[in-house]
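Colleague: Spelled out, the chains give:
There are 2 protein chains.
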Amino acid sequence: MNELIQKGKQAKEAALTLAQAKTKTKNKALSDLATSLIANTDLILAANEKDLAQASENGVRDAMLDRLRLNKQRVADIAEGVRQVAALADPIGEVIHMWKNEAELTIGKQRVPLGVIGIIYESRPNVTVDAAVLCFKTGNATILRGGSEAFHSNLALVSVIRDSLTSSGFPADAVQIVENTSRETAQELMRLNRYLDVLIPRGSARLIQAVLETATVPVIETGTGNCHVYIDKDAQLEMATKIIVNAKASRPSVCNAAETLLIHEGVAADFLPSIIAKLRAEKVEVRGDKTVATIVSDVIPAVELDWETEYADYILAIKVVTSVDAAISHINHYGTKHSEAIVTDNYFTSQKFLQQVDAAAVYVNASTRFTDGFEFGFGAEIGISTQKLHARGPMGLNELTSTKYIIYGEGQIRE
Amino acid sequence: MNELIQKGKQAKEAALTLAQAKTKTKNKALSDLATSLIANTDLILAANEKDLAQASENGVRDAMLDRLRLNKQRVADIAEGVRQVAALADPIGEVIHMWKNEAELTIGKQRVPLGVIGIIYESRPNVTVDAAVLCFKTGNATILRGGSEAFHSNLALVSVIRDSLTSSGFPADAVQIVENTSRETAQELMRLNRYLDVLIPRGSARLIQAVLETATVPVIETGTGNCHVYIDKDAQLEMATKIIVNAKASRPSVCNAAETLLIHEGVAADFLPSIIAKLRAEKVEVRGDKTVATIVSDVIPAVELDWETEYADYILAIKVVTSVDAAISHINHYGTKHSEAIVTDNYFTSQKFLQQVDAAAVYVNASTRFTDGFEFGFGAEIGISTQKLHARGPMGLNELTSTKYIIYGEGQIRE
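In order, the protein sequences belong to chains C and D.
If you count the first sequence from 1, position 256 lands on 256 in full-length UniProt numbering, and the numbers rise without skipping.
If you count the second sequence from 1, position 44 lands on 44 in full-length UniProt numbering, and the numbers rise without skipping.
It is possible that part of the hints are untrue.
For chains that are exact copies, the list does not tell them apart, and a pair is met inside one copy or across any two.
Said to hold, decoys possible - List time: in silico PhoX-like cross-link candidates among lysine-lysine, alpha-carbon distance up to 20 Å:
| # | residue 1 | residue 2 |
| --- | --- | --- |
| 1 | Lys109 | Lys352 |
| 2 | Lys283 | Lys242 |
| 3 | Lys109 | Lys72 |
| 4 | Lys290 | Lys233 |
| 5 | Lys278 | Lys242 |
| 6 | Lys290 | Lys24 |
| 7 | Lys9 | Lys283 |
| 8 | Lys109 | Lys242 |
| 9 | Lys22 | Lys12 |
| 10 | Lys22 | Lys352 |
| 11 | Lys9 | Lys278 |
| 12 | Lys242 | Lys12 |
| 13 | Lys72 | Lys50 |
| 14 | Lys352 | Lys233 |
| 15 | Lys283 | Lys352 |
Honestly, the hints are just simulated from the structure, not real lab data.
These numbers were taken from a predicted model, which means no experiment stands behind them.
Throw the hints in and build the complete structure from the sequences for me.
Modeller: This is the structure we're talking about:
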């Protein structure tokens, strides 16, 4: 039998058991897994060495090698992450809402697992454990498909997970990994509707795009963020500076970092010189439109492409706008509906921005960098959804659940 | 420009306006539309006559012709439906949950429109108005793609809707219909990711399957229901009979009708003769497994295919099971996860069934026929979702919304 069909069947079977598992039993299995990961550090690092050697041979660049690399501390961090997930509240079983209908039926909407979740991801092997345990905690079976660069590391991690689950009395098939890392098998996974309830891609924009184009399984799109900070005419300079520097330069590679600064023409001349100086001190390259250039003469000219680009780097585009409405228009046109911020002292301007900007997270007087499951207080994050269906913004454990209606009757029939 | 790209752009533009519309203004537009539909009855019926004539010529069978047919009363009913939607509470703007995080940001999760919703549906022209007004009420723009059989009716209805919206100060492009009814255009709509936020197919299993296979736009799968009633050994005969007759025979063509009766072996001999007699009195053809045949000799033998089939007709398959566990296994194996019911007096058996059956709606001592947006008290229904992502079970206005996080800060930056 084909690998994916086999694994799909096994996952569906395991999902039925997982859905009925008690919270305490699941938490105990997670804490045992944390211990087991530490105990198997040598085995995991040996497998990781193979991947690193292969990657070096293939001329993979240093930044990528670093993402791929595990060491004792990183394995300990992964294990600590598993313990943290064990400590989180279990959303499964919660009845979100319960009411009586006209027929006197008592109808409850209860959180249940999604079922079988597919995860397609790239090089970082910590995602293997992270995704598997978040799905496990919420009673879902997982089929993982990691990148070929991390093949040996992922296989070792999954083997530790499966052994540990078995020892804890769970079916090993609660967590499976696709061993065939060909592109064809990945595409087949994206169309495995009979066995997969949801597919979550985690990785580059290119990977997510490929999944969106190929998948027939319901997908939760994560990722790309072309985020903006708008400095209003009623903003405080000091607050505006702090926020844009944080949003751009604290970690430019992540999706909640700002890519474009919009600034009201009324304060552009006053604010831009000092803001740009501050950004440059943080090694940020500044690109500006014509108005910016009339204020700070040595900025690189910004072109149309700059407004569309998620640099994920120490680069910021700046545009001067005539009003908050122009800022909102620009954001709704060029943004990827991820995270958007306004800096203003004006109540009505802040309300307009909150209401009219179409994005997963809209901030008044705060950095876009807060869009994150941990920062939001979810205690976990499986990704940040940029689609509108099912989940939008940071996804924690609740977002890995579905619901079912449980209905208590006394013999009612429909007239 | 290609029709769909043009319409997609226009819909996106209209959606921005709709998202900001006030509840009162939307309700007034809906009530004006109801008046306008009545005032344009002759125009609508004339267009419908063209479709009926064409369908007759094509040898369409009577049941289909009836679904296609409009008359004065049906137009009045459609208008009344629009008035009812106007009277419903507007979910947009509701803040479902609001909290402070560790950084002292106040984070609110607010209901917002999905954006642009595509609806692909078949012959019944009332769906045109129904879908358009539910989407409009929730601030979404709609791109409709109806069946070619109802082409003239749909065009007339949409033209009345657009004129009425314009008179009410809304963009006409809030509701658009695809005029090219070719299969290629339908497929193109299913892949219009740049402009569509969601696609909802309403119609036959064949249509829904085609959408699932082709769509790259996020889809909400609606429809198919292979539903079961399980009569436990601790059931009351009279209640069990009433429920199975209602579940099967009150309206066999709908998706929440029962297709298979499972009965515990402990009561099969006592219950089956009278239940089968009652079902036959309601013109239901009964097919049974071998054990059923030993009790009631003249039943048609049920084969494997019977357990998988959604008859949508006056046919019921009956299987004798040895336990509630066997009933649950059968349901989780053959069911389509729509609506499932148990009849029992036993508390623990009822709890097990509620917990272990994987379906959108699980009933204790009530008919599966209650799975419906109106019966659940939602005041509307856009369909019944059988997928686990976003919405599961009957979908009312809330299910046509997404959320966004609105975040109130005081200058916070992320450490």
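Colleague: With reference to the structure, classify each hint as holding or not holding.
Modeller: How the hints compare with the structure:
no. : hint            : in the structure
1   : Lys109 - Lys352 : between (34 Å within a copy, 17 Å between copies)
2   : Lys283 - Lys242 : within (15 Å within a copy, 76 Å between copies)
3   : Lys109 - Lys72  : neither (44 Å within a copy, 39 Å between copies)
4   : Lys290 - Lys233 : within (19 Å within a copy, 81 Å between copies)
5   : Lys278 - Lys242 : within (9 Å within a copy, 76 Å between copies)
6   : Lys290 - Lys24  : neither (62 Å within a copy, 43 Å between copies)
7   : Lys9 - Lys283   : neither (52 Å within a copy, 39 Å between copies)
8   : Lys109 - Lys242 : neither (44 Å within a copy, 26 Å between copies)
9   : Lys22 - Lys12   : within (18 Å within a copy, 46 Å between copies)
10  : Lys22 - Lys352  : between (46 Å within a copy, 14 Å between copies)
11  : Lys9 - Lys278   : neither (57 Å within a copy, 40 Å between copies)
12  : Lys242 - Lys12  : neither (50 Å within a copy, 34 Å between copies)
13  : Lys72 - Lys50   : within (16 Å within a copy, 76 Å between copies)
14  : Lys352 - Lys233 : within (14 Å within a copy, 62 Å between copies)
15  : Lys283 - Lys352 : neither (33 Å within a copy, 61 Å between copies)
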